[in-house]
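A.B. asks: Read off the chains here:
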Amino acid sequence: MDDVIEVSELRRSYGGEFDAVRGVTFSVRRGELFALLGTNGAGKTSTLEVIEGLAPPSGGGARVLGHDPYRERASVRPRIGVMLQQGGFPGDLTVRETAAMWAGTLSAPRPVADALEMVVLDARADVAVKQLSGGERRRLDLAMALLGRPEVLFLDEPTTGLDPESRRNTWTLVRRLLDDGTTVLLTTHYLDEAEELADRLAIMHHGRIVRTGTVAEVVAAQPSTITFERDAPGAPPLPELPGALVVDDGRAVTVHTDTLQETLTDVMLWARHHEVVLDQLSARTASLEQAFLAVASENTSELAEEAAA
Amino acid sequence: MSELTTTAAPPAGGPAAWMASARRARALAGAELRLLWRNRTAMFTALALPIAMVALLGNIGVDQYTGMGVGTVLVTIMIGFVLLFVVYYNLVTAYVARREELVLKRLRVGEATDAEILAGTALPSLAVAFAQIVLVTAGVAIVVGIEAPVNVLLALLGFVLGVVVFVLLAGASTAFTRNVEMAQVSTLPVLMVCMVLSGMLTPVHELPDWLADVARFLPMTPVIDLTNLGLAGLAPDGTSVDFAESFGAAALPTAVAIGWIVVGAWALRRWFRWEPRG
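Each protein sequence line maps, in turn, to chains A and B.
FYI, in numbering that gives the first Met the number 0 the residues of the first sequence are 0 to 308.
FYI, in numbering that gives the first Met the number 0 the residues of the second sequence are 0 to 277.
Here chain A stands alone, though its shape is the one from the complex (with noise of 0.2 angstroms):
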């Protein structure tokens, strides 16, 4: 009921040629982050591009806060705050300054030192653009977006070129925006960052969507994995693990499984009637990483079949 962005069966294509995005359906609700990854060209940012009104799409639609963002920009911009992948400033300006004529241009700004404090620049607010990092440029470029106010937050790869430290502040920030009702549309190469952040994500792969859920149920379908080495060469052979698969070079060994718990079990049985010692000892679900990787191989094969046919 409560979404606050639809976007259903949404096509770009360009020169009437090339197909960007081939039918892209999700929504966003209310006061959620969902983020959106993909492999370079994916078809992310055309994706975006439609939902910030930038771009009429060449087929299906996008509403944002119930409006047309395109054909209703007016009623539409107001409400929302977006930080593009690639953005610029004046570099004669400074920080201050530019962010007093961004505030301008807004319908109720937020007081312009509110904003570069909540990205950790007012330090930095008499210092020309020209002269700022790549990591403070994104944070001013953050600070703008979130300098109206929005309802609806557009971060296309908001921590690219941050340092460590930089990166943890965006994220507690983007938290606390959360806690206050903000709703977050995210694109990140990160996937430890969509795994922090994301309650609910897509993974897009030549124009479409090819998983969508939340972390756990994209990672769920994926194998999980217990790793170790055998000290002795002359241990005794594994016992038989129903189910899964063993790769056991001799000494190291990776046993994928989708019963993680039942497997773990059988293995550190066996290793303590044997008394093996197993180093470097390791168990752990999926990560969205594998997912994403996963998906990235996968496809690769259909194309060449979509492509044969």
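It cannot be assumed that every hint is accurate.
[As the list claims (entries may be wrong)] Chain B is faced by these chain A residues, among others (derived, beta-carbon under 8 angstroms):
| # | residue |
| --- | --- |
| 1 | G30 |
| 2 | E31 |
| 3 | P55 |
| 4 | M100 |
| 5 | S106 |
| 6 | L177 |
[Unchecked claim] Residues of chain B placed beyond 12 angstroms of chain A at every Cβ, according to the derived structure:
| # | residue |
| --- | --- |
| 7 | N38 |
| 8 | A51 |
| 9 | V69 |
| 10 | L101 |
| 11 | S185 |
| 12 | P188 |
No wet-lab data here; the hints were simulated from the structure.
As the structure is a prediction and not an experimental result, all values here were calculated from the model.
Heads up, the beta-carbon is just placed ideally off N, CA and C, and yes, glycines get one too.
Model the placement of chain B on the given structure of chain A, informed by the hints.
C.D. replies: Frame of chain A, contents of chain B only:
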């Protein structure tokens, strides 16, 4: 309070919408004025070049215009130079600079509309252009003297139409200007043609007939025609007219200028790019 202002967008076209539009353009213009002030090259082009040109021409003598005093001729030439260098050249540079810095792209995802972004960027140059013309006219009136204008409305009309034409042509010219350095070359065709053939230095009616027929339809010619009409009662065909007759003589130049506005607006919509070539 903030609830109201964030959720209730003013109705399109209403006075509140116009106020909001003016406020956004002014915020962008303020920043652009700072940038102009901090850019010495642009500042020199905008402030010194037109004045230097007029001073130079004033010294070598410009009495080839029959029926016009030297002061009036200098003011007419001044208006032409200001439109070409302060408005046209300066704005090609400014639009291209903002495009290449990805500033235009960034501004487009905000609340300002496309027209507000272009107008806001243009406003400081237009203010400088207007101030220059007022100052130089006053200076010329004091130093060499100037006759009372025949129809000052037409001179103003010519200036206003000229401003719109050259802002639009500046926007369209960015399409074939890859970077700021290239603006020095890409603006040459418009600058040269307008200076030589639009009556700024030689009256159009003294050109060979076939050339004069072409020159009539150049973007700067109607501006110079209307200025000559308004300031000196000199019609495009070289005859003298009084206040009443001046309106009839203004019809063709006004139509030509409006034609250029239509062409310029179309070219701008068709070819203006908001971000660097990929």
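A.B. asks: Now look at each hint and say whether the structure bears it out.
C.D. replies: Cross-check of the supplied hints:
1. G30: violated (17 angstroms)
2. E31: violated (20 angstroms)
3. P55: violated (14 angstroms)
4. M100: holds (4 angstroms)
5. S106: holds (5 angstroms)
6. L177: violated (19 angstroms)
7. N38: violated (7 angstroms)
8. A51: holds (25 angstroms)
9. V69: Check passes; 41 angstroms lies beyond 12 angstroms.
10. L101: violated (3 angstroms)
11. S185: holds (21 angstroms)
12. P188: holds (28 angstroms)
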